[in-house]
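Chain A is fixed; fit chains B and C onto it per the hints.
Residue numbers (the working numbering), protein chains in the order written: chain A, 2 to 263; chain B, 47 to 355; chain C, 1226 to 1741.
Since the hints were made in silico from the structure, they are not lab data. Please read these numbers as outputs of a predicted model, since none were measured by experiment. Just so it is clear, CB atoms sit at the ideal spot from N, CA and C, and this is done for glycine as well. Honestly, I wouldn't trust all of these hints.
Covered, in the sense of this in silico footprint (three residues per stretch, anywhere, with C-beta under 8 Å from a C-beta of chain C), are these stretches of chain A [said to hold, decoys possible]:
1) 73-83
2) 86-97
3) 107-121
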Amino acid sequence: MALLEVNRLHKNFGGLTVVNELSFHVGEGEIVSIIGPNGAGKTTVLNLLSGIYEPDGGEVHFEGRSLLGLSPHEITERGIARTFQTLRLFLNMSVIENVMSAAYAHTHASVLATILRTPSWRREEARIRALAEEKLAFFGERLKGYRYDQPAYSLSYANRRRLEIARAMAANPKLLLLDEPAAGMNPQESREVASLIGQLREEGLYTILLIEHDMGVVGSISDRVIVLDHGDKIAEGSFDEVTNDPRVIEAYLGREGARGRK
Amino acid sequence: MEDFLLRLPQTLINGLTLGSVYALIALGYSMVYGVLKLLNFAHGDVYMVGAYVGLAVMTVLIPAAGAFLPIPLLIIVMLLVAMVVTGVLGIMIERFAYRPLRNAPRIAPLISALGVSFVLQNFIQLTVSPRPLSYGSGTLIPTGSALMVGDLRLQTSRLLVIGTTVLLMVVLAYFVRSTRLGRAMRAVSQDPEAAEMMGVNVDFVIAATFFIGSALAGVGGVLVGIVFFSVRHTMGFIAGLKGFTASVVGGIGSIPGALLGGYLIGMAEAFASVYISVTFKDAITFLILLLVLLFRPTGLLGKPISRKV
Amino acid sequence: MSLGHERQIKQQPVTEEEEVRIGVDEWVAQVDRRRQQRSGPWGQFMRRWEAIPASWRVALVALLLLTAPLVVQSPPVLDALNLTDADFIVRTGATFLIFSLLAVGLTVVVGYAGLLDLGYVAFYGIGGYAYAYLASDFVATLGITENGIHLPSLIALPIIIVITAFVGWLLGFASIRLSGDYLAIVTLGFGLLFVQLAMTLTRVDVFWLDRSLDLTRGPNGINRLDDLSFFGFQLESTLAYYYFFLLLVGLIVLIVYRLNHSRIGRAWRALREDELATEVMGMPVRRLKLTAFAMGAGIAALAGASQAAWQGNVVPTRYNALALIDLYAMIVLGGTGSLPGALLGAFIFTVLPEVLRSVQIASIFFYGGLVLGLLLWLGLSRRFLVVLGGLVAGGLVFKVIADVLWPGLDAGVAPTEGMVLNRLVQEWLVLPANFELVGNIAIGLAVLLLLLVTVTTRRWRWPMLGVALYLLIFAWETRLVVEPAVTRILIIGTTLVVLMIVRPEGLLGKPRVTVV
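Bound conformation, chain A alone:
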């Protein structure tokens, strides 16, 4: 059985259908990309999966259990964490605290234990710190050492994207949802992101569902690609399959453009 099963997911915004009867699945250990032109409903799918929006119809099952009606933090507890296309870091908190904060879902220290600083609290706090350092170590030297205590706002754009991924990892998810991890990066950095995502699967053992515009990134790492256009799934398959699908070409280039290409 697949890790994530989405069945006839549906979402309207005031009469406008944004996601239309969408069905797909993501298997354990897979890297699946969702692509599509702007306004195709990609980010809406992610928002539906992470519980920010309520779907108007359809079902979402994660590890065989339904996610419908759960609040976002409960979904994260179940094992789905995400990043944001627009970057939503806790800008005035330090780099390490950004990552440590996401460990909330799987830690348990009570208010009383915190006030008394009991041994179990100390152990847990040390564990959180170690976890955060481990996740940040994924990015080599960039987010290490003196960077730990710097405020997140002092990071460069690319480093902020990395920090968001590290923060999502600290929630100990099985499934990572990445919303355009290479947006705003230069070609060199994009290639790095691609190899990083591969590394996340190999070393971090995460299953990954990502939205991406950079076809270089999508092509180099995806096991499967799902193409959305105006909320409809118009193609699914390997990168080569979908990029040669006439409907996909039409969606991206328009009818005229597609004809010209032929």
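Chains B and C alone, transformed into the frame defined by chain A:
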């Protein structure tokens, strides 16, 4: 029941009078919130200054020119002078206490506003008087002067308040809807940065908003002086709160909302003091506020907040 | 902390190649620049102060607060201050500690969780009134008990804290859907409603009695509350209360500090930064908000009950919007979200008004502030000396001219005795007979000119500044010194505005970035 009916017309008039004043104050809160997303807590004190300016004009003009200056003209002069003075005061407050803080954390202008409020109140207390002063009953409008409609007595002073307010509202509605500056104001309240890029002089629009909002509060101050006589340097605090409540109940940022809220609060207060108890009138105002916000978090005519992801 | 960073940065030489690979973090450069910007006397002082290890700093402050009453009460200090007893000073100290408690509680709600709770003083009031119910004869008048309720403090205080925390939780629960300004408005309404009810619940009809009940005694409040007592030891003197409050402050600061540096504190601060991201990253936003509300309410209740016991009474006006404004001014002045800032803010706001009561000290503040302000603005430059010298000389010249051309003008008698400085200045000023009226006008003119000076860049701003300062000094000597009660609020109000413009993050706060 008979008692209820007997007191109904007078209560209605009282409610409309109070409501007019609250609406005038609420408009300033609402307009400023509309363009700056700022709660201008010094606004109540601008209203207080308006009341004092009206009084000053009166005390100067009556001995100097009272003999040949008809009362209606005198009132108009008082209103105009108060509007100009409070309007300029509003511009100054914006220029010196808020503009430097436009990019500061949200709470900074709030504290700055409190500082301005302290300064205005104590400045008046120091330079004018710590005791309440009076416009004098019957100085402007003879005591008991009223318009009789059938059995109904409509006091002239209250009609003046309601009439002036309605007139100003009509002018304001025309202004916001149909003039260049009004359009610019609406543009700035939608998105200041985009408006700036489209060639709107945002600083000027904000200054104009403060001028208009403060001038309306100044009118409110003078009218209160004419109807209720007594003015005091602390009067801005509770009136400001009421006006603020009114703008929130109606939906802060919305001009019709400020009107609706003002009259609603005014009516509620008038009815509460007649039919329930004078002591509970303020409590009832805030109860209305709590109830409205719990069921319509953005006020009666406010637009729901859209959440961007 | 900051020194450590700089050292580490230097230890890692960045090769050109590596620099390209990492990407030039222009933000890092900006942060470093900002760190170095903390110059001026305050920045200098803060850098020295922060060089002391944190535990030493805490110990130093604690020691200072512990010994302060003893030092103040020693005869030589009393003589020097020209006081017969130090009770007044200890009382101010106790007030400072109560406001510290309140400011620390507010720091949790506003500073950490970012919830703009303007109903906070209501919890302070609920704590006070709850104590009045649980530890005085008052309940007897309600016909429920014979002699009222007199719970021992060790039982009463926890009950009050729990009840008020629950009320805080309820208010949070009711307003959980509101965010930002709307939350502020609803909570403000709640706070005002509380004061209104305390004022007006004097004739409440109940079905089991044929008379109406006075639940709050209206504006007069409830008197004759029990003193706090623990294990048979009753707190009676102000000094005993001072030390008890100090203990409470220490305890609460420790608790809040520990919570802040833990999972829940991180979640609170995340909440202040970005509510949606907090929820999506697995933190239960609702529960976190409610915990913060309840926590703040509990601390406020503790302060309210202790304060009521110390004063022996509760009055509704103590919990009105002015108290709220004071509290917010405190935490913002100190730096929102900073515990030492909350304490510093409370200190400044409770001690400064008391200090400014005296004409002498207020004058020192005024003239000191004037010179210091000029110095900070212009630096120790020639311009500073020219402005200052020009002011003194210009004043003298004006006096001579006035005496020659219009002999009747300078006919006023000195309005205050004051100290030597005041008398000197009054000799230097041209004092007309009706100096009160002229003083009133001078205040307005001085403010106008000063504001103009700050916005214009023309050459004539310097002479204008001189005139403004002359008018200001005139207003000070003729009007402001005479009305200290008004003056100190004017000073505080002006300070708030100026501080927000110069340092919106407060004295001890860190500059915050909202959108980049």
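Structure-based check of all given hints:
{"no.": "1", "hint": "73-83", "verdict": "holds (count 6)"}
{"no.": "2", "hint": "86-97", "verdict": "holds (count 6)"}
{"no.": "3", "hint": "107-121", "verdict": "holds (count 7)"}
Of the hints listed earlier, there is not a single one the structure fails to meet.
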